[in-house]
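Q: Going line by line, the protein sequences match chains B and Z.
In terms of our numbering, the first sequence opens at residue 389 and continues consecutively.
In terms of our numbering, the second sequence opens at residue 84 and continues consecutively.
What the hints contain is simulated information worked out from the structure, not anything from laboratory work.
Glycine included, C-beta positions come from ideal geometry on N, C-alpha and C.
Just so you know, not all the hints are guaranteed correct.
What the hints assert, rightly or not - Once the Cα atoms are required to be at most 25 Å apart in a straight line, the calculated DMTMM-like pairs of lysine to aspartate or glutamate come out as: (1) B:452 to Z:390; (2) Z:358 to B:424; (3) Z:170 to Z:135; (4) B:416 to Z:268; (5) Z:405 to Z:533; (6) B:448 to Z:313; (7) Z:312 to B:410; (8) B:448 to Z:564; (9) B:448 to Z:311; (10) B:415 to Z:390; (11) B:452 to Z:323; (12) Z:358 to B:429; (13) Z:235 to Z:648; (14) Z:543 to Z:390; (15) B:452 to Z:564; (16) B:452 to B:424; (17) Z:176 to B:431; (18) B:452 to Z:636; (19) Z:405 to B:401; (20) B:452 to Z:336; (21) B:452 to Z:313; (22) B:452 to Z:189; (23) B:452 to Z:291; (24) B:448 to Z:392; (25) Z:304 to B:429; (26) B:416 to Z:564; (27) Z:312 to B:394; (28) B:448 to Z:399.
Said to hold, decoys possible - To spell it out: a stretch of chain Z is covered by chain B in this simulated footprint if at least three of its residues, at any positions, have a beta carbon under 8 Å from a beta carbon of chain B; those stretches are: (29) 561-571; (30) 601-608.
Unchecked claim - If you only want the chain B side, here are some residues facing chain Z, beta carbon under 10 Å, derived: (31) 395; (32) 423; (33) 433; (34) 447; (35) 457.
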Amino acid sequence: MDTAFERIMDAIDIETYIVCSDANEGKKYAMQLGREMNLGEIDIMYQEFDGYGIRVRLRKYIYKPGNNYTYLNKEKIS
Amino acid sequence: MPKRILCVPFDPVHDVGIKIIRSELDKHGHNTVLLSPDLTPEAVVKIAAEGEYDFILVSRTLGYGVAELLARFVDLLDVAGVREKSKVVIGGKPITPELAAELGFDKGFGEHSTIDEVVAYIEGREISVTATGLNRTKKDIASKYDYEFKNKEIGRLLDSITDKLLKWAEDKTSPGVERAKIQAEILAAGNDQQRKPLLDKYYALCDDVIINGNSKKVFTKGVREVSEKELHNLNNFVHDSHPINPVKIQYNDGQPLLFKFLGSGCPLMDIMHAKVCERYGIDGFLLINPSWEARYEGLLQGCLAHENDGTITSFENIRLMKQSLDPSTLLTVRAHRGLNTPETVLLAGEAGANLAKINLVYGSLGAGTDPVRLAVDGIEAIRLAAKYKMPFDIPGNDELSGVPAWKSLAGLLINVMLGVKLGAQPILKPLFCYGPHIVINGMMSQNFIDYNAAKILALKEIVNSPIWPGEPIAFMTQSEERVQSANANSYHASLAASLNVDAITVASTDEAYSRGPICITSRIDTIRAITDAFRFVGNAKFEPTTQAGLFTEELINKITGTLREVNSKPDLTEAIYKGCLGNKEDGAYPGTFGNGTVKTK
């Protein structure tokens, strides 16, 4: 059976709020979150520190244009 | 046979959903009884036990402790013997079939259920929710317009400018024009023997990068052929999966069609995105080519993927795209950037595309092509658009550098008159954007409505032509924050709907994100936002202030002034070189690709 990751059309975004004392600390935790979730290389799409923490969105591309899209390697999409 | 139905608004306040369903059941001839809201489970069970009902329909919004309450309610119905004579159904926004079954109900209807589904269930009918198809017809944007210039002075100026341009171009040709002619013969050739000498002629007019790609399959970095297996798999994806409950974005027929860009680099990814977007109601797509394609003489052939921005506009890629889309979905192909404008329009026409994107002013002021070359190529491209009966859309360029809107609009109008004279159907595409000139001069310091509205109102006062704001709307107003980005799109779309335009190009919520490709969820974000906005605004309007009228008058005056200046030059290319439609102070520079390549016939 395929992994769920292989069935993602292109990218996975994670939106959350991280409690932290400044933007740099928030960014470090955001990147750490990506590692803790075994996402490998991630990008911070958006972050805003508001004094209490950061609202943040992380993105991991599973497939980029031109890749071999594993989910298409089926006789039928079911 | 009519059913007896007890409708139970099992909620302290909310009973609108069950009232709507009851009304529909009554219309279908069923006998319904509606209880008052907020009765205790025991009171409802007593009523249900005393009456003779085929169905007990319960509506309830879930909250803390409600699941336990509903489970107890079902137990009470069991004990009272109601389950033996009545089916018990639950409905509410968060209800799923799984949750309904878990709580002990016979059936559950949630947020995505339709009233038809509820009625069908009550009546014991099957309702199909699979393989519905889009069930829509292809729209024609341009046919209802006659292109009458209501502003006679502007009409006369454009007549003179385009007459001079056509006369100037009469004895001129370019490698782009000649290649398009050869390409037409190549496509018509019956076999390789006929094709071979034509290809030799074609390659004689191409850059080495293109020759190596086509004849030796040696491509520039990041380009590769799509394999037969990939095409086979894509075909399965397109033909074995179907849109369920397709969405119509427009709430009424007066609201504009919605277009999205495609140009991830990979035709397969583009098509997968397009199929999902079609289901969410997108009416058409613009195929955007890579910027490097513009710099080379000649086009690559074959189904090709590219790892960076822009999908290669080969005949095979365009045809694959068109064949994969629903027949009702429109496809336009960007042709006006670079050295392959006529050929791109030819390929688009042959591959079945519906429109082509051409602006010979923008292409030579904001996109790097030499004005003389693009004037010659652009005229031929518009002729080809007319031949293939493809309306051509003319994007504005005031988002680039600091070109003022009136110069951009003047350029659009020149293309309109040229299109009319060449028998084509042009479409004006003024920008809905927070462009640099607007920012610097404070035209949007009070709101984002008045100046955008003024562009549309000015064009409508000048000519009876289709109008399709883009490109995309909300340009320069979107941030990387997705809610803001989706909202910005929905407000601009509502303004466009208020102004009765024909179509709009919308971005995704990834528009301001430049570090990676656009993903499918970000495309859906803006479509969903606009669908809601169109429902919200309906047949009402976003109302510009009186300032919009002043802006409109100013724009018309300045467009007239710009066109007078253009007309004072020997021909359009000279006017572009002299900066009449955007100068160095505006940050606009005539392009250099193809400089010196125009020849006398």
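Q: Please go over all the hints and tell whether each is borne out by the structure.
A: Results of checking the hints against the structure:
The straight-line distance between the Cα atoms of residue 452 of chain B and residue 390 of chain Z is roughly 8 Å, inside the 25 Å bound, and the hint therefore holds. For a cut-off of 25 Å, the pair hint linking residue 358 of chain Z to residue 424 of chain B is broken: about 34 Å separates their Cα positions. Distance check on the hinted pair: residue 170 of chain Z and residue 135 of chain Z sit about 11 Å apart at the alpha-carbon level, within 25 Å; holds. Of the pairs offered as hints, the one joining residue 416 of chain B and residue 268 of chain Z is violated, with about 60 Å between alpha carbons and a cut-off of 25 Å exceeded.
Our distance criterion of 25 Å between C-alpha atoms is broken by residue 405 of chain Z and residue 533 of chain Z, whose separation comes to about 38 Å. A hinted pair counts as satisfied when its Cα atoms are at most 25 Å apart, and residue 448 of chain B with residue 313 of chain Z qualifies at roughly 24 Å. Of the pairs offered as hints, the one joining residue 312 of chain Z and residue 410 of chain B is violated, with about 50 Å between alpha carbons and a cut-off of 25 Å exceeded. At roughly 17 Å between alpha-carbon atoms, residue 448 of chain B and residue 564 of chain Z fall within 25 Å of each other, so this suggested pair holds.
A distance of roughly 29 Å separates the Cα atoms of residue 448 of chain B and residue 311 of chain Z; the hinted pair therefore is violated under the 25 Å criterion. About 29 Å separates the Cα atoms of residue 415 of chain B and residue 390 of chain Z, which puts this hinted pair outside 25 Å; it is violated. A threshold of 25 Å between alpha carbons decides the hint, and for residue 452 of chain B with residue 323 of chain Z the separation of about 23 Å falls inside it, so the pair holds. For the suggested pair residue 358 of chain Z and residue 429 of chain B, the alpha carbons sit about 29 Å apart, so the restraint of at most 25 Å is broken.
As the CA atoms of residue 235 of chain Z and residue 648 of chain Z are separated by approximately 17 Å, the hinted pair is consistent with the 25 Å bound. Under the criterion of a C-alpha separation no larger than 25 Å, the hint pairing residue 543 of chain Z with residue 390 of chain Z is inconsistent with the structure, at around 41 Å. The straight-line distance between the Cα atoms of residue 452 of chain B and residue 564 of chain Z is roughly 22 Å, inside the 25 Å bound, and the hint therefore holds. For the given pair, residue 452 of chain B sits about 23 Å from residue 424 of chain B by alpha-carbon distance, which is consistent with the 25 Å threshold.
Pair hint residue 176 of chain Z plus residue 431 of chain B does not hold up; C-alpha atoms about 34 Å apart against a cutoff of 25 Å. As the CA atoms of residue 452 of chain B and residue 636 of chain Z are separated by approximately 48 Å, the hinted pair breaks the 25 Å bound. Our distance criterion of 25 Å between C-alpha atoms is broken by residue 405 of chain Z and residue 401 of chain B, whose separation comes to about 30 Å. For the proposed pair residue 452 of chain B and residue 336 of chain Z, the alpha carbon gap of about 37 Å is over 25 Å, so the pair is violated.
A distance of roughly 15 Å separates the Cα atoms of residue 452 of chain B and residue 313 of chain Z; the hinted pair therefore holds under the 25 Å criterion. A threshold of 25 Å between alpha carbons decides the hint, and for residue 452 of chain B with residue 189 of chain Z the separation of about 44 Å lies outside it, so the pair is violated. As the CA atoms of residue 452 of chain B and residue 291 of chain Z are separated by approximately 28 Å, the hinted pair breaks the 25 Å bound. Straight-line distance between C-alpha atoms of residue 448 of chain B and residue 392 of chain Z comes to about 18 Å, which keeps the hinted pair within the 25 Å bound.
Our distance criterion of 25 Å between C-alpha atoms is met by residue 304 of chain Z and residue 429 of chain B, whose separation comes to about 23 Å. A distance of roughly 19 Å separates the Cα atoms of residue 416 of chain B and residue 564 of chain Z; the hinted pair therefore holds under the 25 Å criterion. At roughly 18 Å between alpha-carbon atoms, residue 312 of chain Z and residue 394 of chain B fall within 25 Å of each other, so this suggested pair holds. Distance check on the hinted pair: residue 448 of chain B and residue 399 of chain Z sit about 31 Å apart at the alpha-carbon level, beyond 25 Å; violated.
With a cut-off of 8 Å between beta carbons, the region 561-571 of chain Z has 4 residues touching chain B; three or more are needed, and the interface restraint holds. A count of 3 residues in the region 601-608 of chain Z with a Cβ less than 8 Å from any Cβ of chain B is obtained; the coverage claim is therefore met, three being the minimum. With its C-beta approaching chain Z no nearer than about 12 Å, residue 395 of chain B sits outside the 10 Å limit, and its interface hint is violated. Hint status for residue 423 of chain B relative to chain Z: violated, with the closest Cβ pair at about 19 Å, above 10 Å.
Using the Cβ-Cβ criterion of 10 Å, the hint placing residue 433 of chain B at the interface with chain Z is satisfied: the shortest such distance is roughly 6 Å. This hint holds: residue 447 of chain B has a C-beta 7 Å from the nearest C-beta of chain Z, less than the 10 Å allowed. Hint status for residue 457 of chain B: holds, given a least beta-carbon distance of 7 Å to chain Z, under 10 Å.
In this structure, the hints that do not hold are numbers 2, 4, 5, 7, 9, 10, 12, 14, 17, 18, 19, 20, 22, 23, 28, 31, 32, in rising order.
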